[in-house]
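> Now for the letters of each chain:
Number of protein chains: 2
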Amino acid sequence: MIDVCLLGTGGMMPLPYRYLTSLMTRIEGHQLLIDCGEGTQIAAKKAGWSTYPVDVICFTHYHADHISGLPGFLLSMGNADRTEPLTLIGPKGLERVVSALRVIAPELPFEIRFRELTEKRETIDLGFVTLEAFRVNHNITCYGYSLVLRRAGKFDADRAKELGLPVQFWGRLQKGETVEYEGAVYTSDMVMGAERRGIKLTYCTDTRPSSGVSAAAAGADLFICEGMYGEREKDKKAREYKHMTMYDAAKLAKDAGAGELWLTHYSPSMNRPGDYIDAVQEIFPQAVCGKDGMSTTLRFRD
Amino acid sequence: MIDVCLLGTGGMMPLPYRYLTSLMTRIEGHQLLIDCGEGTQIAAKKAGWSTYPVDVICFTHYHADHISGLPGFLLSMGNADRTEPLTLIGPKGLERVVSALRVIAPELPFEIRFRELTEKRETIDLGFVTLEAFRVNHNITCYGYSLVLRRAGKFDADRAKELGLPVQFWGRLQKGETVEYEGAVYTSDMVMGAERRGIKLTYCTDTRPSSGVSAAAAGADLFICEGMYGEREKDKKAREYKHMTMYDAAKLAKDAGAGELWLTHYSPSMNRPGDYIDAVQEIFPQAVCGKDGMSTTLRFRD
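Heads up: the sequence lines are chains A and B, in that order.
Quick note: the first sequence, position 282, residue 274 per the numbering used here, numbers continuous.
Quick note: the second sequence, position 82, residue 74 per the numbering used here, numbers continuous.
No wet-lab data here; the hints were simulated from the structure.
If the Cβ cut is set under 8 Å, some of the chain B residues that face chain A in the computed set are:
1. P6
2. L7
3. K38
4. Y54
5. I59
6. G61
7. L67
8. S68
9. A92
10. L93
Restraint ranges, calculated between C-beta atoms of paired labels, are given here:
11. Y233(A) - G119(B): 31 to 39 Å
12. T133(B) - R105(A): 27 to 35 Å
13. E103(A) - G21(B): 44 to 52 Å
14. P260(B) - K84(A): 33 to 41 Å
15. D181(A) - P260(B): 50 to 58 Å
16. D(-5)(B) - Q278(A): 47 to 55 Å
Simulated crosslink set (BS3-like; lysine-lysine; CA at most 30 Å straight-line):
17. K38(A) - K283(B)
18. K84(A) - K234(A)
19. K38(A) - K38(B)
20. K37(B) - K229(A)
Cβ coordinates follow ideal geometry from the N, Cα and C atoms, glycine included.
So here's chain A without its partners, still in its complex pose (with noise of 0.2 Å):
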């Protein structure tokens, strides 16, 4: 499963009350968050959450709203006696950047580890998770991210007994290996059934609308999405500075077949995302505006 908190909903500019745009997950005990502007740490304990036990930090782009808030993360975890290796993962520049905002924060008890992100899609193994980012369509190079929990079949416990093969062995199959006993083999899929569906969450903010988002965001459970505006007039604007309206943002969940979807990063100058959500539902029913500390668990489902 993987529990999910919005930590914030704000572009631009942090506001009582409206934090930037971050999402914070947990996955087997680990966390990972996707961008850290300023305020998120206070956003994050606010929601309930520890800075400390945070293994990766994405981030979708360097523009201030998505990044400036970590000097002080890294400082509060350091300040917490961290020390296991933090993984920062982002498009090209990462370390340049994260170097120079380091400039108020250059002691820390822990290792950071840095991994640039330079193809359009690129699938990394984190171990608890695995995460897909994917470049999206901004005025600076900018990714969005899913993160992707697989689920194996299901095991056949009668035919793994009409093959006699002892119970000891069921465990090594079970996780994909291979065994041998008395002559013959035994291969995995031979007890196991087809892969069941897993968990997949997806975060984009900070683009165009693309047929790649909604390649990316397929099939998703729940798709965290940027709805900038809601205002049709300032559709222009969405145009101009390559953000997102809220009817983007549905029809791209239309076109994803996602499960559920939480609009987020709105303009500071929309007070009221709800106003337009009834205009938005009526393209994607499952869509809602997302609001600072929105949680959830997805679960896998049976």
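Please arrange chain B on chain A, whose structure you already have, making use of the hints.
Only chain B this time, still in chain A's reference frame:
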């Protein structure tokens, strides 16, 4: 008069409901900010202050909790289409630190002017107020600041009449100028009384207590001072990390003959600063625990 707002009262890291220590002031339409940690722009908005009209930002030192909010603050000013130059004042290294942080705020529609402090005490005439910077004793170079509004003596109209000086020259004498009229020379002191008591506001955090600090705060109407710890057993920690307890601050306020003391820059470990205020007031009765958004207006006395 000086409008004063203590935007935050936290030290080390921002917390929900406790922003980092920062002081906003307004003097004759100009705003001057001291320190700008992560979240300061949010705290300002929450307290009803705009970032736009800030003409000067002073930094005590470059630990992250005093400057990490600068890139976002600059961008908010830029987004509001500010074009007037902004003056930054702080210890040596100011331009280097700010330039590094501006990796995420490279383009701004206004000029930034730097004034780096190098002496133990420096007095800077900002036009709308006199700034007195004084070096304190922290583990890196750190300054405290006083804002001083001087007040001329009373104009003696009867004396001006006695001297036979026509009324159209009075204004120049009130401004301290010298006037020649019909062969006679009239100096300001001939019609102006002794300089009256002005307004003084002193801000000091991140230091060990010293006679230098109380001398710098001498006669301050309001002394805003670090009281990092209230627990008696934290005195050792305060010494080790070069901070002050609430009792240190109270002694300084007493020695300075300050009008009032606002405590601030609380350790994140101290949940309820108010628990210690009775003991603090035994040392200095006009001590209060600063709270986020606490405001006052300092006026000339008559």
